[in-house]
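Visitor: Mind docking chain B on chain A? Use the hints.
There are 2 protein chains.
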Amino acid sequence: MKVKNSFKVHSRIWISTEDGNYLGEGRVFLLKGIQEYKSISKAAKSMEMSYKKAWNMVNTMNTISNSPLVTRTIGGAGGGGSKVTEAGMKAIELFNEIKTSNKIHLESKIDQIDFS
Amino acid sequence: MKVKNSFKVHSRIWISTEDGNYLGEGRVFLLKGIQEYKSISKAAKSMEMSYKKAWNMVNTMNTISNSPLVTRTIGGAGGGGSKVTEAGMKAIELFNEIKTSNKIHLESKIDQIDFS
Chain A
352 MKVKNSFKVH SRIWISTEDG NYLGEGRVFL LKGIQEYKSI SKAAKSMEMS
402 YKKAWNMVNT MNTISNSPLV TRTIGGAGGG GSKVTEAGMK AIELFNEIKT
452 SNKIHLESKI DQIDFS
Chain B
352 MKVKNSFKVH SRIWISTEDG NYLGEGRVFL LKGIQEYKSI SKAAKSMEMS
402 YKKAWNMVNT MNTISNSPLV TRTIGGAGGG GSKVTEAGMK AIELFNEIKT
452 SNKIHLESKI DQIDFS
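From first to last, the protein sequence lines are chains A and B.
Every number in our numbering is 351 more than the matching position in the first sequence, counting from 1.
Every number in our numbering is 351 more than the matching position in the second sequence, counting from 1.
Misleading hints may appear alongside valid ones.
[Stated by the list, open to error] Derived pair list, reagent style PhoX-like, types lysine-lysine, alpha-carbon separation capped at 20 Å: (1) 383/A with 403/A; (2) 450/B with 359/A; (3) 454/B with 450/A.
[To be verified] Which chain B residues stay away from chain A? Per the calculated CB distances, all over 10 Å, these: (4) 360; (5) 397; (6) 407; (7) 431.
Derived from the structure by calculation, the hints contain no laboratory data.
No experiment lies behind these values; they were computed from the predicted model shown.
Built from N, CA and C at the ideal position, the CB exists for glycine as well.
Bound conformation, chain A alone:
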C-alpha cells in the first residue's frame, strides 16, 4: 500500500496600486535591511543586490506611498545614511500581517482538501 502523501500549500503575495507594484517579499526584505544597517547600499550588499536596483525599489515605494517609506540623510557627523520611516515600519507590519493571515487561511483550506 502506498502511504498517503501529506500536501502542503505555499504562496507568495505582493501588493500593487494603479502606479505599479508596491510591496512584495523582496522589497519588505530590503526595508528590513535598511532598518538594520541604516544604509541602502549596506542593505543591498547583504542581499547581493546592486545598489541601483535597491535604490530603484526604494524610489518606487516612496513614489507610490502617500508618505515616504525611506528617507535619506546626507552628510553630518555620521556621513549620512538612510532611515525607514514610521510609514515604512507600518508597511512592513501590514505586509507581514497579510502574509500571516494568508498562511493561516491556506493551511486550514488544505487540511479540508483530499488531494489523494
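Guide: Showing chain B alone in chain A's frame:
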C-alpha cells in the same frame, strides 16, 4: 491633496509534498492543455514549452499522486495520445478551489487594511 492609492493584493500558490513540488499555476495550465489537445506535445507547444519539460512535469505529478493525473495511450486508430484522468480533473478543480478561496480571503483582508 494627493488622491489615495487603491491597493490590490496578488498571490501565487503552489502545492508540494515531501517528494517535491506537486501542483502550481504552470502545471495546472499544462493539465488543462492536455485536456484540450489530448496530447502532451500539443499542449506543450501551445505554452511554448519544450516537450521534455512538459513530460517531466507530467511524470513528476504522476509519481507524486496516488493515482496518475495523465495517462498515455500508444498507437491505435488515432495514433495514440494523452488523457487527463479523473484524478487529474479533480486536481485541477481542487487547485482552482484553493486559488479562488485564497483570492477572496486576500481581497477581504486588504479592504480592512489602510496602507496610506
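Visitor: Evaluate each hint against the coordinates.
Guide: Comparing the hints with the structure gives:
With a CA separation close to 18 Å, the supplied pair residue 383/A and residue 403/A stays within the 20 Å bound. This hinted pair checks out: residue 450/B and residue 359/A have alpha carbons roughly 14 Å apart, not beyond 20 Å. Between residue 454/B and residue 450/A, the direct Cα distance comes to roughly 13 Å. Compliance with the 20 Å bound is thereby established for this hinted pair. Residue placement check: residue 360/B does not keep its beta carbon more than 10 Å from all beta carbons of chain A (closest about 5 Å).
Taking the minimum C-beta to C-beta distance to chain A, about 26 Å, the non-interface status of residue 397/B holds against the 10 Å cut. A cut-off of 10 Å between C-beta atoms confirms that residue 407/B is not in contact with chain A; the least separation is 19 Å. Every CB of chain A lies more than 10 Å from the CB of residue 431/B, the least distance being 27 Å, so the non-interface label holds.
In summary, the structure is inconsistent with hint 4 from the numbered list given earlier, while agreeing with all the others.
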